[in-house]
Structures are given as C-alpha cells and as structure tokens.
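Modelling step: build the complete structure from the supplied sequences, incorporating the hints.
Chains A and B, in that order, give the protein sequences. For the first sequence, the residue numbers in this note's numbering are 1 to 219. For the second sequence, the residue numbers in this note's numbering are 1 to 128.
To be clear, the hints were calculated from the coordinates, so they are not data collected in a lab. Nothing here was measured: the structure is a model prediction, and the numbers come from that model. Among these hints, one or two may not hold up.
[What the hints assert, rightly or not] Partner residues aside, some chain A positions facing chain B, computed with beta carbon under 7 Å:
hint, residue
1, Q2
2, F90
3, A93
4, H94
5, F119
6, Q166
7, G168
8, D218
The beta carbon of each residue, even a glycine, is placed where N, CA and C say it ideally should be.
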Amino acid sequence: MQDIYLLVSGPLAWAAWAIFLFGSIYKIWKTLDTAKKKEQVLFSYVSLKYGLRSIINWSIPFNTVNMRLNPALTAISFFFHIAFFVLLLFVSAHQVMLGEGFGISWFTIPDTLANILAFGVLGACIFFAARRLTVPEVKYVTDWTDFALLILVVAPFVTGILAYYQIGNYMLMIILHMLFAEAVLVAIPFTRLSHMLLAPLTRAYIGSEFGMVRNVKDW
Amino acid sequence: MRDILYRYAIFCAIILCMSFGSVAFAEDTGVFDVNAFGTLERPVSQFDHDAHMEYPEIDEDCSVCHHVYEDGKLVEGESSEDQACSDCHTIKAQGSQPGLRTAYHDQCKGCHIDMKKGPVACGECHVR
Chain A
1 MQDIYLLVSG PLAWAAWAIF LFGSIYKIWK TLDTAKKKEQ VLFSYVSLKY GLRSIINWSI
61 PFNTVNMRLN PALTAISFFF HIAFFVLLLF VSAHQVMLGE GFGISWFTIP DTLANILAFG
121 VLGACIFFAA RRLTVPEVKY VTDWTDFALL ILVVAPFVTG ILAYYQIGNY MLMIILHMLF
181 AEAVLVAIPF TRLSHMLLAP LTRAYIGSEF GMVRNVKDW
Chain B
1 MRDILYRYAI FCAIILCMSF GSVAFAEDTG VFDVNAFGTL ERPVSQFDHD AHMEYPEIDE
61 DCSVCHHVYE DGKLVEGESS EDQACSDCHT IKAQGSQPGL RTAYHDQCKG CHIDMKKGPV
121 ACGECHVR
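Put into structure tokens, the structure is as follows:
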C-alpha cells in the first residue's frame, strides 16, 4: 500500500498535471487553429473590450437574463464552481502537502467549512443528475457520457469525504481520491470538461460579435 | 427532486453534528507536546514510542529523533530527549530549521519512506 500511495501522490500526480497543462495548451491552440482555417473572418470581430465585457457580465450571479430565468440552476451552478476551486486550493490537507512538498503554501479554510462545501458539491451533483433525468429539453441532449463525466467529477469529492471521516478502508479511499482527481485533471482538455478552457473564448467571441457588430448586449 | 435534496440536507446535518461532537472531547496526546499548535486540526498522531525503540534502524538510539544541532551541524552521540520538539521548532520555519508540523512530518515520514514500511498517508497516523 505504501508503494501505491507514494506512486499515486508522486509520479502520477506530476504526470496528471503535465498532461493537463500541455493538453490544455494543445486544446486551446487547436480550437483557435480550426477557427482560423474555417472562418478566418471570425478573428476580425474579436475585440478585447467587448470580449472582456461579456466574460465579466456572465461571471456575475444573476446578471444575465438567462440566469434569472433559472434561479435554482444558477445558484447551484455558481456554488458548485466556486466550491470546486475553493476546495482544491484551500483545503488544509492540500496545503500541508504543498507546503511540505514545495515549501509554498497560502491560507487554508477550516475543515468544518471544507466539509460543508464538500457535502454541498455532492448535493449540487445530485441536482445536476436529477435535472438531466427530469427536465425534458435537457434530457433530450443527454446521453450516458454526461453521466459518466458527472460521476468522474463527483468521485474525488465522495472519496475525499470518506477519507476525511475515515469511513471504509482509509488507504483505499485516499488512493482512489488522488486517482480520481488525477483522472479529472487529465480529462479536462479532452472531454466536455474543456468548457473550463473554452468557455472564455466562446464568451469573448459572442460578446464581441454582439457588442461590436450588432451593438447589443449579450446578457 | 426537492424531496431528494431535502433528505440529503438532513443526512449532511447529522454527519456534521457528529463530527463537531467528536471534536469536543479532549484527547490524550500520548508522548506529543502539542500545546504549541493551539487547537488541533487533526486527531493526535498514533505513535508507539516503546515499539519504535525496538526497530533495528533505531535500536535504542535516542538521538535518531531527539537530535542536537550546533551551528547547523548535527552533533553525533548527543541527544535532547529532555526537550520537546517545540522547544526548538517554532510553528514557522526558521531558515533551514523546519517549522514544528513539518519537523514531525519529515522525521516520521522520512524514515518510513526510507524503510519502505510504516505509515505515510495522513489518516494512517491521524486516526479518528
């Protein structure tokens, strides 16, 4: 078990971050390149001002018409995305490992808050799954890969909670926790999780077209 | 749907209450002098001091852990078991002298990794 733990927390973690980093650069480059080949004209629309304006407006909860139409979805989505990154960056155990591995660390959140956020993330994922199963227009565009991705994303949180409370076989849980998290990292550039990388690009483009060409707001 | 989330919220509330409850009881800190940490974030680490003395790589040599440094150099044959780690190691690192938590972690885990046996994952030492 010690060997597996050290492998998963050492070399595999490095590999996952490297694939994530280079995969992301590739994905962004590839997307821009395809756009350039297919529609050279796209780029002449893009404006920093209108692009940023759109990104900022879509980053404020309930700021867009669309968000106000779906208040529950908006609140839960915002919570989910914020909690995801807050947990990743500020959980004390992550900071202990960062600090002792690299000598860098920043502030941490209390474990109590981390637990509340983690349970909240599980709740949000239950909501996303239920929504895919029940809301007709969402159900229509859903296939098994959506659920596979959702399970992949929720898995680090489930195993993280089980490891924290030491429910079940601890070593198994903590190893699975790291493995699933590494799988999520690797999946980001190559699955629909790439919206993390591409959403700002799409937003910037739509914002530019609406702002510059049609002279209207896109939110 | 609302029903699922509702039940889920109650379930979470129960688990969280249970975990607050368990923190409230004062813990036996074993051989460790943990006062410097203030309120502890984790259950105190497992550690069988006597059993460790018997391991061949330690073989009753107190200075393996209770070390003495002078001008940044390890003093062979001298030991500091009359002092707590926290007497020298402050919470924050001071130059090449690691901070208290890192001092424990590096010493304990360092040897376990070298020996290829003994705990290295958080919850193996900080058992609930």
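Tested hints:
1. Q2: holds (6 Å)
2. F90: violated (13 Å)
3. A93: At 6 Å from the nearest chain B Cβ, A93(A) passes the 7 Å test, so the hint holds.
4. H94: violated (11 Å)
5. F119: holds (4 Å)
6. Q166: holds (5 Å)
7. G168: Violated: closest Cβ of chain B sits about 11 Å from G168(A), beyond 7 Å.
8. D218: Hint on D218(A): violated, closest Cβ of chain B at ~31 Å, above 7 Å.
Violated hints, in rising order: 2, 4, 7 and 8; the structure is consistent with all others.
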